[in-house]
Each structure stands twice: as C-alpha cells, then as structure tokens.
Amino acid sequence: MTMPQSPQPAQSPVLVAPDAEAVYANLKTIVAARLAACAPGSVAIVGIHTGGAWVAQRLHRDLCPDAPLGFLSSAFHRDDYSARGLRTRGEAGKTSIDFTVDDADILLIDDVLFTGRTVRAAINELFDYGRPRSVELAVLVDRGGRQLPVHAALAGLRTELIAGQSMRLKREEDGRFELTLEVR
Amino acid sequence: MKLTIAGGHLIDASTGLDRVADLHLADGRIAAVGEAPDGFQADRRIDATRQIVSPGLIDLSARLREPGFEYKATLESEMQAALAGGVTGIVCPPDTDPVLDEPGLVEMLKHRAHSLDQAHLYPLGALTIGLKGEILTEMAELAEAGCVGFSQANEALVDTQVLSRAMQYARSFGFTVWLQPQDAYLSRGGVAHSGPVSGRLGLSGVPVIAETVALHTLFELIRSNGCRVHLCRLSSAAGVELVRAARREGLPVTADVAVHHLHLVDVDIGYFDSSYRVVPPFRAQRDREALAQAVADGTIDAVCSDHTPVDDDAKLLPFGEAEPGVTGLELLLPLTLAWAKRSGVPLATALARVTTEPARIAGCAGGTLAVGAPADVCVFDPHAPWVVSPTTLRSQGHHTPFAHREVLGRVSTTIVGGRVAMEINWGQTPIKIVG
Amino acid sequence: MRHPQLNEHGELRHLLSIEGLPRDLITHILDTASSFLEVSDRAVKKVPLLRGKSVFNLFFENSTRTRTTFEIAATRLSADVVNLDVRSSSTSKGESLLDTIDNLAAMNADMFVVRHSQSGAPYMIAQHVGPGLHVINAGDGRHAHPTQGLLDMYTIRHFKKDLTQLRVAVVGDILHSRVARSDIHALTTLGVPEVRAIGPLTLLPPGLEQMGVRVFTDMKAGLKDVDVIMMLRLQNERMRGALLPSAQEFFKHYGLTPEKLALAKPDAIVMHPGPMNRGVEIDSAVADGAQSVILSQVTFGIAIRMAVMSILAGTR
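Protein chains in written order, with the working numbering: chain A, 1 to 184; chain B, 1001 to 1435; chain C, 2001 to 2316.
So here's chain A without its partners, still in its complex pose (with noise of 0.2 Å):
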C-alpha cells in the first residue's frame, strides 16, 4: 500500500534513466550548502551498504575529508530476514562505526530511496552504537514510494517511478556512477 504523498512537482513518467554523475553533482552542492551552515567537521558522515557507502565516501572526499566516516549494515535489523534468511556481504558490507555515536549529529547517505525499510534497519543498527544528537537522511534519488514515514531532507533528485521500476546505482571501475532502470 503506498501512503499518499505530500504534493509533489509535477513530474513526467521516467522512461531514461538519470546521468548519474549529474545527479551526484546536484547532490554534492546541496550537501555543500547543508554542511556550511555547521562547524567544519562536525557532522559524521555515515554511509548505508553499498550503494550508499559509495556515495558517503565520494561526499566525505569532496566535501569534508576530516570529518568521521562510517558505514552501516542493515542486514541485523531487516524485516525480510524469515522471508530471505541473512543477507549479510562478508567483511566488505559489514557496519564499521569508529567515532562515538552519542551525541553526534550523522548525516545518513543512501543511494536509491524506495520503501524507506532499509533506511530503518540502518537506523535500528546505527542506534546500538549509542545515542545520537540528530540524524538527517541525503540520497542520490528519491523515487518515491515509500511504505514507512522515512523523509530524505536532501535529494540529488526526487522523481517518482511506477511500480514494477526498479531504479539501480552502479559504480564503473574508475569511480564514475551509473544508475539503471529495470521494469520486473
């Protein structure tokens, strides 16, 4: 069931998919914008596995490479696990969090918004390393469709897919996105 969404702008059906890096440079410059406004270094950068992780670490470069860098799993926490089993990526998909979470203000990066059940797992995980100050979620597309009350504050580019779209990020070999469309 899809909860209605608060008016949007009007949008054509998408039928190419977006140029990734152009939508990777949109986002950069609002998250640019977002960080100015706080102490240099004083916002966590935290990335969801794996495209996400991707997008945090090409942000934290650009953008702020003093700041902590940290990666979640939302494998312990998904509510698909009795339906799929564990779904967990061996020692590169797994949470590393190496600053204290108590207290921090954490901008959330994740690739591709849809349903918003992984943002929450990645949350229930985040949540067991301690107590955080404010936690604000940037994506690279959000496509609509959600099925929790998960918002992203900040948007490289919203559209909305119909069902039966998936929209994927792909990272090429020298660094560069790439985001496919596939209809099921």
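Just so you know, the hints here were simulated from the structure itself, not pulled from any lab data.
Beta carbons are placed, not taken as given, at the ideal position from N, Cα and C, and that holds for glycine.
Heads up, a few of these hints could be off.
As the list claims (entries may be wrong) - Here are some chain B residues the structure puts well away from chain C; computed CB gaps all over 12 Å: (1) ALA1006; (2) HIS1114; (3) SER1198; (4) VAL1213; (5) PHE1219; (6) ILE1269; (7) ASP1313; (8) ARG1360.
To be verified - Examples of chain A residues lying across from chain C (beta carbon under 7 Å, computed): (9) ASP80; (10) LEU86; (11) THR88; (12) GLY90; (13) GLU91; (14) LYS94; (15) PHE99; (16) TYR129; (17) GLY130; (18) PRO132; (19) PHE177.
Using the hints, position chains B and C against chain A.
Chains B and C in isolation, oriented as in the chain A frame:
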C-alpha cells in the same frame, strides 16, 4: 497325505538332481522323483512350473527370542517368518532368558515348537552354565534333550583353560562346539570395523586381529584335543585365509558366514544407520570379496541368516548404543541368490550352502530330496521381485539394512514333513495357510 | 545420498559435521561471522535476528564452557535460551532419547544445540525432527565438533590470511578427539596443502592417511617449519585402558614447550580448543606466550556460533 509337486525344476546337490521333473511325497517322506510310484494317487497336486523345487532351507542361526525375550519376537511370529522364507529347519543359539543350559528348558522349547508344528527346531545348548564361561553344562543330557551342538552364542569365553576342557569334554561324546571367533579383549567396546570408516565416524573399532587371534587360539586347541568345531560368522579376509589353511591341514572345522556379510561393507553405515549395527561388524571391501569367494569355493561351508529380531526401542538409539542384530529369515533365500548371481556361482552350489551343507553341520535329516528323506521342500520363483518392508515381513523384527530395497526370489510353497505349512499368493494380500 | 544437514536446495538446514559441508558454505559461514564480531563491541550487544525464537541447549554430556558460549551467542541474537542438562541414559532407565526430543519439539523449539557422548546422536535427532527445527551439533562422541572446527578455521584465516600455503600440525589424543576430526576435514576442504597429525600410535585412529593427513610419531620432526600448531587436550575421561603410561611421559615427548615451538616457523601460531591441561599437553610459557592465539579462539567462537544460528534460522 500324498502330494505331487508337478513340473518344477528340481535342484538338490546331495543327489545331483538338476532337472525339470515331478516330485512325489507320501507319509511325510520323499516317495519318488519323476514318475509316480505304482498306485500313487496324489491327494493334492501343486503346480510348480517355472519355479525351483529345492530341499527346505536350513538356517544355522536364527534367534526366536523365546524364552525370555517375547517383547522382541515370539515363536509364532518367527516360525511364520521362517516358512515365508522357505526355511524348514532352524538352529537357534542358546542365548535366551533363561539360557538354554538345562535339559528341562530345551525340552520345553522343543515341545513348544513341535506343538506349533511348523519348521523343525534344532537348539544349540550352552557350553557353560549361563554362558558365563566358568562351569561346564551337562552336555550329554542336553544332547539327549535335543541339542545338536554346544555354543557360547556371542558371549566371550576368556578362560582358555575352561575352553580347552569344554572342548575335550565335548570331544569325548563326539559333540560339535559352535564358536564365534572373536577375542573378547581385542573386540571390547568396539561397534564397527576398525578402519578408515570407523576412524572418520568416531566409532570405536573392532580390529581384524580380534578374529584372527581367536582363530589361532582355537586351531591350536583343536590340534591338541581334536574337538570338532563349527566357526560361526566369519567376517574378514585374514580369517578366511586361516580357515583355508586349517582345512588344508585337515583340522575338523566347518565355517559359516551371515548372508548380509556377503553384501555389505563398513562404508554402508552411512550416517550412523543403526540398521547396520551387527556382530561381527561389516568390514571392508576386500573382506567382503574374500568371504564371497570362500563361500563359492567351499572354504566356508554354509550361509546363514543370523536372524536376530530387535525391538524398536533398542534400535532407535545412537549407533554405539543400539542393540546389534538384523532380521533375516525371510531374506536368506533372496540374498543367497543375489550373491550367487553376482559371483557367478551355479544355483545348485548356492542352494547347497543353505540346504545340504547346513544339514551336514547340524547333523540333522533334511537338506536333501533323496527318496526316503523327510519331505521338507521349498518351491520358489528365483526371478520374482518383492520389496522388503514392515508390511511384507512376517517377523516381529523389522530392522534390516535391506529395508525398502527390492530383492529377487519369492517363496510360493513351503512343505514340512510332507504337509503344506505355508502357501503364499503374491498376487494380492499374502495368504497364510497352515496345514 | 544427500547429507542430512543440507536441504534439497543445498542450503544449511542443520549443522552436524564439517564433513559434508561444501567449501563455499564453510567460507560463507566464516564471512558471516566477521560481521558478528563487532556486535560484542557495541553499546547494545544484541541484534534482533532470532528474536522470539527458542533455542534449547540439550547437553547430554556436561560442558559448562561450550554451553555458555552457545548461550551467549543465542542471547546476542535476541533468542530465548533454555538449558537442559539431560544425562545420557545408557544405564539409567527412563524416557528414551527420541521421546525426550518429541516432548521438547512439542514445546515449539526452533533450534536444538545438542552435545552427546555417542557419535552420531545428533544425526538421529536431526532425522527425527520436523521441518523448521534446526539441530546444531555441539559435539558428539569422538565424531565431530563442527562449530569448533569453524572457529579454528576463522582463527587461522584471521592470523594467516591465505590457507592454501600453510603447514598445519594437529597434536595429541586424536583418536578420541572430535575437535581433531572436524579440524582435519575443515583444513583439507579449505585447501590447506599439508595437514600433519602428531602423537603416539595408540592415540592415532586408523585411516588418517585416507583423510589426507601425514602422520608423525616424532613431535620434533612433525613440528618442523609448521605455520599453525593445534594442540589437543589429553582426554583423561575418554581413555580406556593401556593407551598411555603417564601424563609426565606424554608431556616430555608430545607436550608443547618453548623449545619444541622454536622448531616451527618463527611466526607460527599456537591454538588449543580448551580447557587446557597445563604441563600435560602444553607448557604455561607457550599457552601465555606471544604466539598463542587461544583467547582469540574464544572470541571468534561466539561470532561463529552467532553466524551458524542466524544462517540456520533464516533457512526456509
């Protein structure tokens, strides 16, 4: 009652019979082969076309569990199983409860079997009181009560002085001592053949030397006292070699093997299946091949079932705790036929191993179709298949490694003492007719 | 015949032994364990994967130590843990093993962790329980201790990285050791090129060569240039008669001392499944020394058991 078994393929090693002919029975004995005697009018004619007609099988070891273990099986059920397997003569070990070490107990058992009027029962008496290996039994009295030999079943007799004297005493009367060659100390605690499989599975092993050390000891004793010994349940290639040498030397020994040892090896235990828990244990490939070869060339005289019904509670336990034993009366024939086929042994020779030879070893009449011999006959189709399962087995013991397997060889008629003891119509529900 | 611990899709339905575990499944368990390691370092030492699930520890053979690590692992996964100290009933009358299992299954258990003194007991249990009930073998007789084998492999991988270049020696009472058997299977499955067994002939089971092992009765020769030394506890409680004259003589020829350790590679690691008999199979100087990774094994053991439980509970 006069019976004619018509048109069957008669096979009997003792008389050299191996052709299609009629068999005529009268007054509980074989009356004639081929043409009926003058004036012979059969009361009943049994059609045996396309089937084998052989002497009834004689099983050198089948536990009937009476007296004392009636929760595992009873004489009624096991006698039915015997007849269904074409077995007309059973030698039973003395490890009942109480042990068959007193003439009174033997008489009771024989009386009970006789009143059921099915297969012939040839009990083995205990060699020592309670099988404890200390005090000799009254062997002469036991023989008079009907024992065909003396045995320690699976119980150890470690005191070599007692063993030696028991053999000497038996020799005085010309009795045969039936012993399983297994050294008590070397086999202590073992549950599987000591080798790579037991090593891998973490099961305590019974090494081959448990059998060979015991055989060496027995042969030395026989050389000194001349007692006739029947070796029960050989299990290893090394054991076979020792027996071969002993026979060449002329020692008075005979030997048998349990039919399942001609088919299965230690690897078959698989994932700790307690159906494979037997004594002696299933050994390795080369042991199985040596046993099969030895039965073919006669080094091993006879094949038995070692029928040992075990109740569910005693089998549904971890391998090392499960009670050893498999059900086998109904499988003796099909498994012997399967061994013969695999080893390229002629049917007449194979059948001799379960008829003529056991009769000779047990010293009983039977195992022959000679004119004048008791009319114990088995009619069977060697090619007919059936599936081994609790519904097809008549024994109360259902535990066998051959469960749910298809075997070839179906008995259709079993005759004991000239009377039809069982007829099986394999078409639909099996019909049991006694008398 | 399919191994009873795998379902028809080749997924892990029970964990009964390392033998019969495909290599990629072993690797998957090790990889999953690495995710669980740092759960123990968080403020909230729990993840909700097994929340609402009941894990029954069925220990027919006493072991506070192993039972405790399984209990900790299950608790960190938010499972409800029930401990049952059922004595092995070979001499005592009473409920049969399968009746006990049936009664417990009727209490809607999701997972049994079973330790039994008889080899093969967990197989019997696994073949008897219905779908949805998972069995973990916590040690059966001399046969297997798969979680120990897995945590030992994790330990070696952690310190040595590449297993395909290693020489590993297993030392001591291998005849009676389920840990040794599981370790040997795991090492050979993961491609360790040389596995050595060191001990007196009375403590070596038949068929080791068939398991891919080189046998040594001379410890000095056996330890030469070895990368990993896995010491085994001398199992007093399992020895039945005439296998060894004394613990002293055993220590002199098969105990790990600093002098013998020096024969191995300089960066060799020393492992022991515990509990240790100091002065019998291992010298205190070695047990507490720089090359000992024995305490790490304990830490890894909890993560491995969490990994196994969560993989099993997630299998349909």
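Here's how the hints hold up against the structure:
Residue placement check: B:ALA1006 keeps its beta carbon more than 12 Å from all beta carbons of chain C (closest about 46 Å). Separation of B:HIS1114 from chain C is adequate, the least Cβ-Cβ distance of about 37 Å exceeding the 12 Å criterion. For B:SER1198, the non-interface assignment is contradicted: its Cβ lies about 7 Å from the closest Cβ of chain C, within the 12 Å cut-off. The claim that B:VAL1213 is not at the interface with chain C holds, since no C-beta of that chain comes within 12 Å of its own (minimum 16 Å).
At roughly 26 Å from the closest C-beta of chain C, the C-beta of B:PHE1219 stays outside 12 Å, upholding its exclusion from the interface. Consistency note on B:ILE1269: stated as away from chain C, yet its beta-carbon is not over 12 Å from all of that chain's, at 9 Å minimum. A cut-off of 12 Å between C-beta atoms contradicts the statement that B:ASP1313 is not in contact with chain C; the least separation is 6 Å. Distance to chain C confirms B:ARG1360 as a non-interface residue, since its nearest Cβ pair spans about 39 Å, more than 12 Å.
Taking 7 Å as the C-beta cut-off, the interface hint given for A:ASP80 is violated, the closest approach to chain C being about 10 Å. Interface hint at A:LEU86: satisfied, since its Cβ lies 4 Å from the closest Cβ of chain C, which is below the 7 Å cut-off. Restraint check, A:THR88 versus chain C: the minimum CB separation of about 5 Å is within 7 Å; hint holds. Nearest Cβ of chain C to the Cβ of A:GLY90: about 3 Å, under the 7 Å cut. The hint holds.
Using the Cβ-Cβ criterion of 7 Å, the hint placing A:GLU91 at the interface with chain C is satisfied: the shortest such distance is roughly 5 Å. A hinted interface residue such as A:LYS94 counts as satisfied when its beta carbon comes closer than 7 Å to some beta carbon of chain C; here the least separation is about 4 Å, so the hint holds. Annotation: interface hint on A:PHE99 violated; nearest CB of chain C at approximately 13 Å, more than 7 Å. The beta carbon of A:TYR129 comes within 5 Å of a beta carbon in chain C, closer than 7 Å, and the hint placing it at the interface holds.
Satisfaction of the interface hint for A:GLY130 is found here, the shortest Cβ-Cβ separation to chain C being roughly 5 Å, below the 7 Å cut-off. Proximity of A:PRO132 to chain C is violated relative to the hint, the smallest CB-CB distance being about 12 Å (cut-off 7 Å). Contact between A:PHE177 and chain C, as hinted, is not supported at the beta carbon level, the nearest pair being about 26 Å apart and thus beyond 7 Å.
Of the numbered hints listed earlier, those contradicted by the structure are 3, 6, 7, 9, 15, 18, 19.
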